[in-house]
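Let's have the full structure, built from the sequences with the hints guiding it.
Residue numbers (this note's numbering), protein chains in the order written: chain D, 1 to 340; chain H, 341 to 680; chain E, 681 to 1020; chain F, 1021 to 1360.
If you are wondering where the hints come from, they were derived from the structure by calculation, not from laboratory data.
Here the structure is a predicted model, which means the values were calculated and not measured.
Keep in mind that the hints are not guaranteed to be accurate.
[Said to hold, decoys possible] What the simulated footprint calls covered on chain E by chain F, stretch by stretch (three residues with Cβ under 8 Å from a Cβ of chain F suffice, anywhere in the stretch; the number is not a length):
1. 688-702
2. 890-899
3. 913-920
[What the hints assert, rightly or not] One-sided excerpt, in silico: chain H residues whose CB lies under 7 Å from chain D:
4. Arg365
5. Ala490
6. Ala538
7. Gln561
8. Ile677
From the three backbone atoms N, C-alpha and C, an ideal C-beta is built for every residue, glycine too.
Number of protein chains: 4
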Amino acid sequence: MSQRLRIAVLGAGRIGSMHAEHVARRVARAELVTVVDLKGELAQSCARSCGIDDYGESVADVLSRPDVEAVAICTSSPTHTDIIEQAASAGKHIFCEKPIDLDLSRIDRALEAVEKAGILLQVGFQKRFDPSYRRVRQAIDSGEIGEPHAAHLSSRDPAPPPIEFLRSSGGLFLDMMIHDFDMVCYLLGHEVASVYAAGSVRVDPAIGEINDVDTATVVVQYHNGTLVTIQNSRLCTFGYDQRVEVFGSRGSVRIGHAYPHTAVVSSKQGIQRDVPFHFFLDRYKDAYIAELQAFVDAVLDGSDSALSGMEGRMPVVLGLAAQRSLESGRPVPLTEITAA
Amino acid sequence: MSQRLRIAVLGAGRIGSMHAEHVARRVARAELVTVVDLKGELAQSCARSCGIDDYGESVADVLSRPDVEAVAICTSSPTHTDIIEQAASAGKHIFCEKPIDLDLSRIDRALEAVEKAGILLQVGFQKRFDPSYRRVRQAIDSGEIGEPHAAHLSSRDPAPPPIEFLRSSGGLFLDMMIHDFDMVCYLLGHEVASVYAAGSVRVDPAIGEINDVDTATVVVQYHNGTLVTIQNSRLCTFGYDQRVEVFGSRGSVRIGHAYPHTAVVSSKQGIQRDVPFHFFLDRYKDAYIAELQAFVDAVLDGSDSALSGMEGRMPVVLGLAAQRSLESGRPVPLTEITAA
Amino acid sequence: MSQRLRIAVLGAGRIGSMHAEHVARRVARAELVTVVDLKGELAQSCARSCGIDDYGESVADVLSRPDVEAVAICTSSPTHTDIIEQAASAGKHIFCEKPIDLDLSRIDRALEAVEKAGILLQVGFQKRFDPSYRRVRQAIDSGEIGEPHAAHLSSRDPAPPPIEFLRSSGGLFLDMMIHDFDMVCYLLGHEVASVYAAGSVRVDPAIGEINDVDTATVVVQYHNGTLVTIQNSRLCTFGYDQRVEVFGSRGSVRIGHAYPHTAVVSSKQGIQRDVPFHFFLDRYKDAYIAELQAFVDAVLDGSDSALSGMEGRMPVVLGLAAQRSLESGRPVPLTEITAA
Amino acid sequence: MSQRLRIAVLGAGRIGSMHAEHVARRVARAELVTVVDLKGELAQSCARSCGIDDYGESVADVLSRPDVEAVAICTSSPTHTDIIEQAASAGKHIFCEKPIDLDLSRIDRALEAVEKAGILLQVGFQKRFDPSYRRVRQAIDSGEIGEPHAAHLSSRDPAPPPIEFLRSSGGLFLDMMIHDFDMVCYLLGHEVASVYAAGSVRVDPAIGEINDVDTATVVVQYHNGTLVTIQNSRLCTFGYDQRVEVFGSRGSVRIGHAYPHTAVVSSKQGIQRDVPFHFFLDRYKDAYIAELQAFVDAVLDGSDSALSGMEGRMPVVLGLAAQRSLESGRPVPLTEITAA
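Shown next, in the form of structure tokens:
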């Protein structure tokens, strides 16, 4: 293993470009080798803005290069598992954007390939690397709030994505709430008994017309009786709403809005702060860097994945249960999904 | 009608004594005529500390007195409807502590008696008279936050009441969460479609042994798709947790902890405030005065009840639905309860 | 001594009416005997609204009544010392609104009369009885913030009083900042070395025309090196600004705005609270009750005054020093004032 | 001019190393050409960690290189003006760490050299590039708070620097409070009438032994009557205290502590946040990048300096006035300093 991890970024869209930039300039002990995209000009432009000349259009080509030690999979979701399997066969370590896939059997096949190849896979749920969420986890792990009894998470986006995107997104539970499901697992573990979901169309009727919801609430019930509520909305006029509160036998811990500055203006209208960070690229800028750093460190130092494939699988399970609950109007035991 | 409303307080326990003191000293245009309790010495001691000599042991006696224009019913819950019916027949205006009753048919009979007698009935959900909750309602009524889409309420008590009390309390949903159900109705109206409840025993196994829960979560779903989550716990180490957030199409409004003072201490341990008001008598002191003032004003000025019998009935409906949901493990349409 | 302290309120203006109401209804073990005002109709109206019939126009008459045990002096400031001397001779305990007087020799004569008569005198600086300020003092007394090194106080009024009032008020330092000087003494003691004052006219030129300032800053320097800054303004668009921060060797304590409710509204305009309590009658309502309760308790229980004449004298000393500093443009050693 | 500004960093101590890293990796359109330090090994190690091989020991050598377009002066303060004059003669643009110098005549000679050479000089007061301070400025510039009437700034360091450093630092007013003086000028302009300073030794007697103070308060009075107070301390147990509040005719704006995360832990001990960012490298990380970006942009785009030499001179003037005020015990008119 070289002193720096040589990484190829696959996919040069919004999220891929960001990761490429971080590999090139922000992540210690990392080197951006090449950027690949089906659209060559996208790959080239991304590579150039990262200060490298190497780019390509073929994933297969890049996987055959001995100077590439790891890949960051930032292509469209349905392509993830195939690329994971190929990259694993080629012996490349893998950072894969969420979700691994929306189909559990495909996920399982990919995870088997990873295990067999003995390479390291890290899934991209960046919120785990944000200092506020980490402090929540620490308050639980340290016993500071005692045994968790309940939690509440809210996530709301500044505005809905285009209907075209939503049509193939897998629905609110698998596209958006999946981040909250991951956070629930990160904070409270995997021993979920059942999921109950309610949803409605309050923001845009067009979202209802494609059989999705834009407003949703979920109850996640743990075997030990811990009760979690999650609220999501596709529209939040004041920007990006990302909060969590965990309540336990000795106290509670919560995180509030994250702001670009701390100024407070007082006038006869009231005492006012400007709106929080508007969306995820601003809110989680440092978390995206930290997750890649964790990936690079884990590979170079030979430690375990900070967010393994099994961790990446669980939010999909919860999302599928929520989807089925919404459709059936009843709480869905997790065994229904995992047994499928 | 006299210039001051002459009130008899029925029941001289903790809550009755408080109301008697408020009538005697804090509520404008009110006069405390007498205090009644089955235990005469309790009634006497309460009367004396309010600066009056008149007290008694018989509700019937007091209802026959022409110098009593109104009663404040603070006796044990199972006696409420009988006293309401008798007081209504006697033409006395009625302030009645929550709940009216836990049986809908008894409630309906009592409300009929009230209607027939043409007297005014106000039910005692004091949180509606707290400035913070009123500001939340105002933010909704004024359109400040647009059309409500979702809400979250949390209520947690500093410690569970004695098991003896819990045994006859009606259970967490009808004894404790009933305040949240009232708040939901106050803020979002009565057009509820269904209630889903989950509960567990995390605080004290003895609570489980009497078939109650100490930790609970409810989803209230409105016909228009508004989704509400409620979290309750019988134990909160930092005191009394009373918060609500309503999220709408144009913004959101939330209330936080209420504190006895605003001091913040900074040290190497962190930046710290002392705990909030410990429990309801401290937290809602002014709201209890304001609700009686509203009652007195409504009677003397001939306006409508600020919290009518039908308003007092609805939280019981929601509580019964939640109880049935917990027992059946499925969401319960409200029609199941109201049709019963 | 009776079980209840029988009090006559002298002066039925804004502040006297408030104290009368508190004595009559809010202060335990107190009884309002009579209300006196040069304008009889004011006294009568105040008495009536407190539920008593007794009122009068003559202070001398009231001081000769054996059923009056204590007086609350709420007349105009220049009359305070004369009434104190007469009331002391008559053996009445005295609650006196601030300031005792603006002339130190008159104050000293009045305090001598009090001492000679052996009656109890409490001066009316109500902020000492507010829970937030008391918590600041507690943080100092308990050693929580270590040895105090510095402090900053800000006081700003919602709008200037009428010019007519200001003309005879004694100026900003003796009329308004005197409350801050009292707070400084309450928190940090009397060992002041010097006072430096700067002032300007930023709010209303008419205030400058009567040789007063409307914007002022003072540095109070203690013998031990503790450094205090005070900022005052006669105009604050968002209402009543009353804050203090004390910084010490182990940490700091500060108090923020006090609000009528805790609601926060979020919208695309920002995250906003409504303005704080508008002015002193709202902000310090409970503190005004608490200070009279302390007076009644001290008299009935035979304990020391909670705010003795010497405590009431010190803020005047600081105010005179500040006034002289403003006029001379240099820091004024306290010995210059006390030696005068 | 090239598309990227080719910069040499002079001085590879703590602050120089940070700037070198930023030029190399964080600042757009910038290129780190070389690092210079009297101690060659320091320069080499800094260069290497920035990914370049070029380093040196001689400022003169670097100023003669045609491939260097700009220098960042991070050497010890007494060397600043000489290097500015040499760099200006050599036609290099200059970013210079604060202070330019502590001697006004040396500053003036250096600024003349800059003006004559027509190169751009930016002085390094990084707080001007922090979003919170910029929002304060914006609230003033936009008229949001009306005409400023008063301000209060507090700056406290987590712990005093070594006595050896303090001995040659110029004293608290010129070493530490100089940042607050710059902020006052940034927010309220240069029209200062006088400065009054009080100081004491509360933290460490050793600081008193070298004739410095560790606790200080200053009043800055503007010609238009605006009154500013500043508090500084060398010791703050909860970390780095950096706050400002500006109060005006239409409202006020203030900034609070900046925190690494937003988590709040509630327990029976209270409601608590962890301490703020500990010191300047954490607190102002992004501001340090932004100031260099502003420098690079100004040079490449031909715009004015974001923080010119005259801006860099004014805080020194205020610091010298404060020092003289402390020594003389009286307010010092600014004309005394500038006329010297």
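These are the hints, each one checked on the structure:
no., hint, in the structure
1, 688-702, "violated (count 0)"
2, 890-899, "holds (count 4)"
3, 913-920, "holds (count 5)"
4, Arg365, "34 Å, violated"
5, Ala490, "5 Å, holds"
6, Ala538, "5 Å, holds"
7, Gln561, "5 Å, holds"
8, Ile677, "17 Å, violated"
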